[in-house]
Amino acid sequence: MAVTTGPRAPRTDRGGQRPWLGQWNSSVTSYYLLVGASGLLLVFGLVMVLSSSTVTSIADGESPYAEFLRQGQFVLLGLPVMLVATRLPVRVYKALAWPGLFVAVALQSLTFVPAFALSKGGNTGWIGFGSFTMQPAEVGKLVLAVWLGTVLGRKHHLLGSWKHAFLPAVPGAGLLLVLVLGGRDLGTAMIVAALVAGAFWVAGAPAKMLAVLGGSAATVVLYLFLFSASHGGNRLNRISAAYGECTDVQGTCYQALHGMYGLGTGGLFGVGLGASREKWKYLPEAHNDFVYAIIGEELGLFGTLMVLMLFVVLGVAMSRVVRRHPDPFVKVTTAAVGCWVVGQAFLNIGVVIGVLPVIGVPLPLVSAGGSALVTTMAALGMVISFARTEPGAEQALAARGSAVRRSLAVVGRGRGRR
Amino acid sequence: MSKAAGRSATVDGASRKTASRAGSGRAGSGRAGSGKAASRRTASPKVASRRKASGTGGSRTSAVRQAVSRSGGIGGGVVRRRQGPPQPPGPPASPERRQRWLLVIATLVVVVFVARLVQVQVFEGPALAATALENRMATVVVPAHRGQITDRDGVVLATSVDRYTVAADQQAIQTFRGGSRVDAEGEPVEDGALGVAQLLAPILGTTKAELAAQLNGDRRYVVLARNVEPETQRKIRELRLQAYVPMELTSKRTYPSGTVAGPLVGFVDADQVGQGGIERAYDDVLAGKAGVDRYERSRDGVRIPGGAEDSTPAQPGGDVVLTIDHDIQWKAEDSIDEAVARTGASYGIVVVEDLRTGELMAIADSGDVDPNDRTSANVAKGSRAVQDTFEPGSTGKVITMAAALETGAWQPDSQFTVPDRFTTPNGQTFRDSHDHPVQQLTLAGILAHSSNSGTVQVAEKIPPQVQYDYLKKFGLGESTGLDLPGESRGTVHPVDRWDARTRYAVTFGQALTVNAMQATSVFSTIGNGGVRLQPTLLKGTRTADGELEPVERPEGTRVVSEETAASLLHMMEEVTSEEGTAVGAQVPGYRVAGKTGTAQIFEGGGVTYMASFIGVAPADDPRFTVSVFLKSPKTSIFGGVVAAPVFRDVMGFALQKEGVPPSSPAGEPLPLEW
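Listed in order, the protein sequences are those of chains V and S.
For the first sequence, the working numbering gives the first residue as 1, with consecutive numbering after it.
For the second sequence, the working numbering gives the first residue as 419, with consecutive numbering after it.
Check each hint, because a few of them may be wrong.
[What the hints assert, rightly or not] The calculated lysine-lysine pairs, modelled on DSSO-like cross-linking and capped at a C-alpha distance of 30 Å, are:
#1 S:K890 with S:K799
#2 V:K281 with S:K653
#3 V:K281 with S:K626
[To be verified] Per the computed footprint, the stretches of chain V lying under chain S, defined by three or more beta-carbons under 8 Å from a beta-carbon of chain S, are:
#4 71-83
#5 280-291
#6 341-354
The hints are simulated quantities; they were obtained by calculation from the structure and are not laboratory data.
Yeah, the Cβ is synthetic: ideal placement off N, Cα and C, and Gly gets one too.
Take these sequences, add in the hints, and give me the full structure.
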């Protein structure tokens, strides 16, 4: 292989790119990185939701495990969804793209129907059927990723032209984005916008067009959220609170300040799992949008870096899929999911560590949340299915035998040695 | 195209090399075609120079490849042009390369985040942690438990119990959410003030509507109930409303014995500081030292388990053990109340002293004063035994007799001719309380009959300075040493201010004032063989660990000799004899020595009387002094009539309670006449 061709070998294009990765750079690396990082984040999220919610749950007169069990239910709900998603072939996703878009638009429209609309924390992006509540924008993200992959991937070689890049992807994505914006949920809208932008970008749409679209979208967002009468003051305060001197310790910058307190109290090694002080009702949304601060407090810099690194691993793995998978649909969809999941993680972490103004988005897979968790798991399951169809991956995975046999083999060998 | 590429990948997908080549081939073709966007972005001067250097491949392709190959390279060295039909506006940019841009952005973000995390958690961490901790620390003053006041046997006269002040934080209550909670009747709990009221009203014994009205508003602290008992507090605590309904530990002083020793024990103010009686006199012993509890608490006021703590525990106050005997005190109060009712007196005082030790067994005031009942100001008046002063009257003759005997001027059987009116050499005329023919009385007879004109004759042989010295030696005009608040020590004018009449008047207890305690002490001194002991109310203090520290008492001072004391006692026994003025003071089975008194009190332009009897028993081996004072009795002004029966009751009770053996039969009575 490339190694034998001399000192210039690493620069060649032969299969041996990144020889320093050795056997880690295999056809199943993406698959295992995705499965590993998702699994770890999921389990870690459960642990942190339990740790950060017990106090609040008890204070609310509930079982200390109430929030944890809710989260557990959603994980149990999401796991089969994720499993199925990992096994679905690419063509099924493509086939589901257009119906999915209609469903997503319909669900998102329900947020404007008073009979179904719910409002949580000033955002109206929720709908409810009886006791079941969900955020349609979460479904929208997944659907958009698939749909954009389908329409952009199909026209891949035509995307150099503005017209082909524009239709039908821009109106479709724009419609959903506007519907989400209508819910006045800035965080979700930003994530959806990042997802759309990522899809267009990786699909290869003309950079000029993206600049124009991005600029106009940013203008709309600025107009809607910074200067609209109803929310203007609130958001401007939040932004000035993030970058200026904190003037209203009990109000605008309270949450951000207590997030900082949590991180600072944690220090290098943390105060220990379960020993957070900020979770004693000081930090609002401790088990949700600000769970990263609790991680930082209980597990210290090592905890925060570990979570950050797990998202980096997710990003790297998805980047690998984009790079290695031959199907343009897969490339675009994976890039969209990557922009969504990693972008949302960055947004969340950036808010908690005080780099960004307070924008309420949950930390994917870790924060407590129902529909968001399930759709994120479904999206990652889908990317895992892509990773399974990377060149060579299918054969490598097929060759390794069943999970049961592998597990028993370890046990059997252990006994044999004794 | 995408389908073709995908298929080719799966067909020869077994080999990674092939796959990457296929991908890169497509990418390469795109770039080779012309790829405006890509070339514009990458055609920097640096790249251009490299382009010259590298001879292989399409110039643009190689430049791009080199530009990106440092971060891993796309691969595709062999440029294939089998696909990628030329598009008029130009083919799209390569997804791989575009993805790389995203990776670069993500890398930058991660670098910024890691730097920021290190900054916040490592460099700024300690300062943030300290600020956060300081904000979490709560400082609560822990009230110290006030010591008890008990009688000599441990009967509790005053004690403190835990109580709670229940308040409301109206601002917090606005944010109260009932959630899934239900009230005692299973009804779902509402939000806000109504919800809190719904939970709290049944426990506080009010109605939901009434309580909700109190909970509505913007104030951070509104007291809902004071002196809430711990049982109720526990019920409220179980509601877990601490963020909305804060509760503070307070203390409530209670007096389990009620009216018994009420004015003596005194009272405390709202801050638990002693303001009267023993509570004030021994406040330094009783009051503990409040502690400070500093702990980490949650935003809604719960102590965080395992949190930082820095507490100084409260030091409970010590107990005060009085010399008072609860039962004797009760008996004294009961008797004096009865006497006041019977005689129509305005008030009465009884003092019982163990004359061997100076310990006061009872200080009783008439009238029910219950320190628990703070609706009236009665308890604030304190004990009259040390506050009210009056002329001692005939009981003051005892001091004159003591001086006469001690100086050897007279003997008990010295003979006097006593008319009912007597004019002294300096022209002052004194008369007895009632007219009588001239009597031939001994010294004992003068005392027994309480003759003023006789006493004046006795005083002829006692110089004024000597008289004054004895007054002072018996403790008149001096502090009693009880330390009770509001004590008035009475007035004994110095000799140089005595006029012609005062010089004689003081000999039978006029022209000077004493309080009941001082008058009692004179008799105790005689009963104690002439040694005066400072009267005391304090047996000792009991520290928090339960040990009794006896109080140090000053040595007694000898006032008169034992012989004089014995003679005087013998003379005073005749007062209670059939011929004396206080037959009613006799206690069956015991010999009693005492003296009646009737002193004039000038007040409000008129004259009224203080009728008294002070005595010791058993006369053969004195144990107790009991003094009884009645002010303005209506039935009779004579102490032998109105006060002596109270003496009999109280002394009899005290002697029996303490198990004092009955007296031996009286000896030869002293001759009263000659």
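Verification of the supplied hints:
1. S:K890 with S:K799: The hint holds at about 28 Å.
2. V:K281 with S:K653: Satisfied, since the Cα-Cα distance of roughly 23 Å is no more than 30 Å.
3. V:K281 with S:K626: Within the cut-off at roughly 28 Å; holds.
4. 71-83: violated (count 0)
5. 280-291: holds (count 3)
6. 341-354: With 6 residues closer than 8 Å to chain S, the stretch 341-354 of chain V meets the three-residue bar; holds.
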